[in-house]
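Could you build the full structure based on these sequences and the hints that come with them?
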Amino acid sequence: MHYQYNIGCSLNNLKGIRDFIRESLKGHDVTEVVMNEIVLAIDEMCSNLMIHAHHCNPEHMLELHIQVPKKGNLIFEIVDDGSVFDINHFNEPDLDNLVQEKRKGGLGIRLVKSIMDNVEYLHREGKNVCRLTKRVN
Amino acid sequence: MVHIKRLQEEGIDILAIIGEIDASSSIELDLTIAKSAGEGFKKILIDCSALEYISSAGLGVFMSYIEEFKDKGIHMVLYGLKEKVANTFSILGLADLLQICANKSEAKKLINALSV
Numbered sequence: 437m438h439y440q441y442n443i444g445c446s447l448n449n450l451k452g453i454r455d456f457i458r459e460s461l462k463g464h465d466v467t468e469v470v471m472n473e474i475v476l477a478i479d480e481m482c483s484n485l486m487i488h489a490h491h492c493n494p495e496h497m498l499e500l501h502i503q504v505p506k507k508g509n510l511i512f513e514i515v516d517d518g519s520v521f522d523i524n525h526f527n528e529p530d531l532d533n534l535v536q537e538k539r540k541g542g543l544g545i546r547l548v549k550s551i552m553d554n555v556e557y558l559h560r561e562g563k564n565v566c567r568l569t570k571r572v573n
Numbered sequence: 006m007v008h009i010k011r012l013q014e015e016g017i018d019i020l021a022i023i024g025e026i027d028a029s030s031s032i033e034l035d036l037t038i039a040k041s042a043g044e045g046f047k048k049i050l051i052d053c054s055a056l057e058y059i060s061s062a063g064l065g066v067f068m069s070y071i072e073e074f075k076d077k078g079i080h081m082v083l084y085g086l087k088e089k090v091a092n093t094f095s096i097l098g099l100a101d102l103l104q105i106c107a108n109k110s111e112a113k114k115l116i117n118a119l120s121v
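Chains as they are written, first to last, in the working numbering: chain B, 437 to 573; chain S, 6 to 121.
The hints are simulated quantities; they were obtained by calculation from the structure and are not laboratory data. Backbone N, C-alpha and C fix where the C-beta goes; we use that ideal spot for every residue, glycine too.
Interface residues of chain S toward chain B, partial, derived using beta-carbon atoms under 7 Å:
| hint | residue |
| --- | --- |
| 1 | Asp27 |
| 2 | Ser29 |
| 3 | Ser60 |
| 4 | Ser61 |
| 5 | Leu64 |
| 6 | Gly65 |
| 7 | Asn92 |
| 8 | Ile96 |
| 9 | Leu97 |
Have a look at this one:
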């Protein structure tokens, strides 16, 4: 099955993204904990893009695609035409630094990298595609 | 999306988080904790039993108070986390940086012991 959701870049829309993912994966054999991890990783990616690439302009759109095969890996694609925000080129600060500097950021990327099995970037029809793969047994 | 209830018991300020905390709602958590500390509470319990979801923005709020609270002698203990929420904390190793208890009575016992 393939699901698509189009979202304006407002942080108020994150809740809708989470509900969409939960709905799309309903019936798929994932535990509540894994479901929450997946929702979390996509939420983090979308909020990063909204804030850093689109400055929370609600007229800028993101497309979220979810491919749910009968068996095998789940594939999530976030498509936009903003500047690329490649988390593979971002060095997340370590936890001690975060505590010392009282920074309220940098944790999201660490979460995404821990949860997803692969994060890759590609170009398709002039747009940026961030593809995240989650292995499921 | 998130609702935070405050109630006081025996000099402890208890903040009960109801709902989901993400990048848009983490500010409410931040303001509520700041308010509690600003009112002079030295013991702050965070009731997470109705917390359904937390993203890094919310985790970052808790982290941001660690140093300040250490300096001011304020103690903060979280309790009642659902498994899926506790998992988010443990992915990042935050269980070692924050005080987390299973339930309210344990959390009260811990915060009173820490505050002696």
